[in-house]
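Chemist: Given these sequences and hints, build the entire structure.
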Amino acid sequence: MSRQRKMCIGLLIMVFLTGFLAVGAIAQKDAGQELKPYINNVEEAKGGMTVFQMMKAGGFIMIILAAISVCAVAFIVYNFRVLKIENLVPAKFTDDLITMLEEGEGKRAYALCQTQDNIISNIVAAGLEKRDKGDVFAKEAIEAVARQEVGGLWQNISYLADIATVAPLIGLLGTVLGMIQAFNVIAFQTAVVKPILLAGGVSKAMVTTAGGLIVAIPAMLFYSYFKGKVIEISNLVESYSTDITKLIQEIKKGK
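Just so you know, the numbering used here puts 125 at position 125 of the sequence shown, and the rest follows in order with no gaps.
Calculated from the structure, these hints are not laboratory results.
None of the values given here were measured: they were computed from a predicted structure.
There could be a bad hint or two in this list.
Pairwise CB distance ranges, derived in the manner of DEER restraints [said to hold, decoys possible]:
no.: 1; residue 1: K84; residue 2: V176; range: 37 to 47 Å
no.: 2; residue 1: L173; residue 2: Q249; range: 24 to 34 Å
no.: 3; residue 1: D96; residue 2: T242; range: 10 to 20 Å
no.: 4; residue 1: Q148; residue 2: E102; range: 22 to 32 Å
no.: 5; residue 1: T165; residue 2: V82; range: 17 to 27 Å
Yeah, the Cβ is synthetic: ideal placement off N, Cα and C, and Gly gets one too.
Modeler: Written out as C-alpha cells, the structure reads:
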C-alpha cells in the first residue's frame, strides 16, 4: 500500500506543479502581447478546433486538465494490470490449498502460501498463524486480511472516481474565469468593444467546460468497469474466506 500511496502523491504533485508553472509561463507570455484569434479564418472555424488550439484557448486550466488526464490514464493502466482474478484469486492454487486444508495438512498449506503473494495465500497464512491461539483469533485474522486486501482494491479505483468528480469542477472554474474575462472586456473598453477580445473569454469558458467533461466521462466509465471487477473479486474472496475459516478451525493442533 505504501508504494501505491507514493505513486498517487507523486502524480498529484505533478498536476499541481504543472498548473502553477503554466500560470506563470502564460502570464509572462501574455504580458505586452496583443491578443490574436485562435482560428485564422471562417473556413478553419467550420472544421473545429485542434487540440493545440483548444489548449491555447483554455489557458492554464486546460494544462491542468491535461495533467489530470495523464493521471487518469496511469490509474486506468495500473488497474488493468492489477485487477486480474487469475492473479489475485488463482483457481488452481486455491483448489490445492483447500485440498490440503481438507486433509488437515496445515503446515503444508502454510508452506505453499509462502511461495506466492495473492489474496488467498495471505488469508490462509494469516488464519494458520493464529489458529493455535483459538478459533476466534483465526477467524478474526482471516476477516482482517480479507478486508485489507479488498479495501486496497477499492482504494485503487477510487482515484478514478475522484478525477471524474474534480475534472468538471476545474472545467467549471475555467468557465467562470472565461466569463469574467469577457465581462471585463465589456466593462473596461471605453470605445467600441472588439469582438476578438470578447470572444477570447467566451471561448475559454466553453473550451474548459468541454475539457473537464472530456477528462471526467472516460474516468467515470472506467471506474464503473473496475468497480464491477472489484465486486466480483470481493464476492469470491468472501466465499473462499468462509470455507477457509471452517477448514482451519477443524485442523488439529500440530498439523
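Chemist: Please test the hint of 22 to 32 Å on the beta carbon pair from Q148 and E102.
Modeler: holds (26 Å)
Chemist: Does the Cβ distance between T165 and V82 fall inside 17 to 27 Å?
Modeler: Check passed, 22 Å falls within 17 to 27 Å.
Chemist: Using the C-beta atoms of D96 and T242, is the stated range 10 to 20 Å upheld?
Modeler: holds (19 Å)
Chemist: Can the suggested window of 37 to 47 Å be confirmed for the beta-carbon pair K84 and V176?
Modeler: holds (42 Å)
Chemist: For the hint 24 to 34 Å, verify it against the beta carbon of L173 and that of Q249.
Modeler: violated (56 Å)
In this structure, the one hint that does not hold is number 2.
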